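**Q** Position chain B against the provided structure of chain A, taking the given hints into account.
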Amino acid sequence: MSARENILARIRSANKVGEVSDVIGGSVTDRLTSHPESPMPDLTWDTNEKFKQRCEDAASTLDEIGQVGDVPEAVNRYLTENNLPTSLVCWPEFENLTWSDSNIQVESRSAVGDDKVGLTGSYCAVAETGTLVLLSGQDHHATTSLLPETHIAVVRRDRVVKTMEEAWHLIRSEVGSLPRQVAFISGPSRTADIEMTLVYGAHGPFRVHVIIVDQ
Amino acid sequence: MEITSQDFKAVSSAKLKDEKLQKALFQAKDGFVVSRAKVIKDLDNFEDIRQAASEVRDHCLAHLDEYLEAWEVRAQASGTVVHWAESYEELNAIVVKIAQNNQVKKIIKSKSMVGEETGLNEYVEGHGIEVKETDLGEYIIQQAGEYPSHIIAPATHKSKEDVSELFAKKHQRPRLNDAEKLTHEAREILRPHFLDADMGITGANFMIAETGSTVIVTNEGNGRMTTTMPRVHVAISSIEKCIPTLDDFALMMRLLPRSATGQVISNYVSMTTGPKREADLDGPGEFHVVILDVGRTRVLGSELRDALRCIRCGACMNHCPVYQNVGGHAYGWVYPGPIGSVLTPAYNGIENAIDLPNAATLCNQCGVVCPVKIPLPDLMRKLREKQYEKNLKSKTERWSLKVFAYVAIRPQLYSIVTRVMARAGKILGGNSGQIKRMIFVGQDWTKHRDLPTPRGRTFRDVYLNKKKTSKR
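Residue numbers (my numbering), protein chains in the order written: chain A, 719 to 933; chain B, 148 to 619.
Just chain A, same shape as in the assembly (with noise of 0.2 Å):
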């Protein structure tokens, strides 16, 4: 016999003799179809200002902006302001805005060692933890959101959900089948590995800016 068949033998065997417990019940292919939701926190808080806070209290920071013809304005002015390298990467979909009114250089690609700023669209965000969630796929680059020192990320405000589960809800309804990755971003990268000292920075983006967007 197989280790795989081993295996499933002795929880087969264990599930017997074991003090089983078992409140939720039903079978496994209609928890597997159904995904009943769990007891939920309090949500009858405001969204978009949750969201805005959460981003805050996980050190992102925040632009807030009409259009998405508006991002280069805004990436310009966040750049400049926090003189921060002005030229980046970009998924696709930011490739062709009008970015000859800013002096920032603009190459749609994935992100390499050297790049220093990435730029992102986001599938949805959370708002109960002030999180991006991207999907992998053909015009969204994982490296874009990794590799670079500072992560810049379009969000369009009517993407916001409350919650993980409604995130869900939204790819299982649109997408379907999951992509290779789903990434949930709350915040730059950090650790506290050293005596306890939070040091953002540790393998990926020192900042992430998130850019609301109303349309």
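By construction, these hints were calculated from the structure, which means they are not laboratory data.
Be a bit skeptical, because a hint or two may be false.
As the list claims (entries may be wrong) - Some chain A residues judged to face chain B by a derived CB distance under 8 Å, without partners named:
#, residue
1, R722
2, L726
3, S818
4, D819
5, G831
6, D833
7, A860
8, T881
9, F902
10, M914
Unchecked claim - BS3-like cross-link-like pairs, simulated, lysine-lysine; straight-line CA separation at most 27 Å:
#, chain 1, residue 1, chain 2, residue 2
11, B, K328, B, K167
12, B, K614, A, K770
13, B, K279, A, K734
14, A, K834, B, K253
15, B, K167, B, K307
16, B, K176, B, K540
17, B, K583, B, K164
18, B, K170, A, K880
19, A, K770, B, K529
20, B, K170, B, K317
21, B, K188, A, K768
22, A, K880, B, K594
23, B, K156, B, K542
24, A, K834, B, K328
25, B, K614, B, K594
26, B, K594, B, K615
27, A, K834, B, K537
28, B, K185, B, K583
29, B, K520, A, K734
30, B, K594, B, K156
31, B, K328, B, K317
32, B, K170, B, K316
33, B, K537, A, K734
34, A, K734, B, K529
35, B, K583, A, K768
36, B, K252, B, K316
37, B, K176, B, K188
38, B, K316, B, K279
All figures in this text were calculated on a predicted structure; none of them were measured in a lab.
Each residue gets a CB set at the ideal place from its N, CA and C atoms; glycine is no exception.
**A** Coordinates of chain B only, in the frame set by chain A:
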């Protein structure tokens, strides 16, 4: 990993005298305990959520075979190669085989407690393949040639000065004295390894049956790097990590980061389903998951099965008065603290970790903070009973327990004996009310503290007297 839990008493005595360690433990305790207490307040129904999580974990365990099969079918459908291992050696060999099949020379690793169990790094290095730990804490202890002392903060026993000295020596660079600079030096040193490693190894906090995915929960971003940059990704996990649905995962995520580090959510939660798709521009071309069963099914069929609900947050150790004083290394295996005191004997044999279930005051701090309501003190008590049954207790202890049991089940005798003891105690205690030195069985007890003596009357005396008075 080799088990040294039998040295618990000797090692913990030494740890109590280690001033640097005591300082580090004090800092860590403050950080974890205080921030958890703050952050659970924003869940108005925290207890309902804990209860639900505990029920979901029980439900998974009750149908573990079916959930694992469901997980496997979906994982394979997305292109994941699934392996099963019944021993540490088997898991290690599978990983090395994958590496060899892919001509792997360098591996980057994001932390995995299963990997610590199997001694994976040593094994892989023994086959001429380089392994770099990338979680800062794991990197520090790998450089120091040590092993983790905490499941969330592996290098928590090390001071900043220790790290300073270590990095200066290993990196051959000027000595740095600031946590931020040290962290950024490690970033600089490890970045090229992320870019040129051939294979990435991660653990998996959860496997999700609904989608055939694995998830890792991290703060540093090394986990995302490890699952994205190399051309091969191997996740190692164990059977009990399987949960049913994405919604169940969302439930666990309200509890895990809060209980572990006192965060609302960890910075990077990365869910992987299969290797890179045809149109994807990045991600590994091969994705393997190795699922381990060493000890788990045995625990599943035992009275300790509740321990398998564990989601590895570390709250039990952070809140344990014993762990807070002796640190993780004293426990002598992969998992320290109360959960370690249950899992270590459960996985390695109770005769190999006699002291651990006894290294607890049964104060139930661990039970109160456990996000999945594992009754840790009860499980430690069950292990103590097992030790007694298996004749593993010392003669003195067995003899004392026998005498106690004989007296305790005979009410009249009990009444006489306790009366005599209460009066004798009062006389022995004298004016101070304390016994400074006991003899025979008690001498170890009074070595470090005084024994407060009874006031001369037993509880039964007082109770009966009260009853009489109130009737009048």
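**Q** Under the constraints set out in the numbered hints, which ones does this structure not fulfil?
**A** 3, 4, 6, 12, 13, 16, 18, 19, 22, 25, 26, 27, 28, 35
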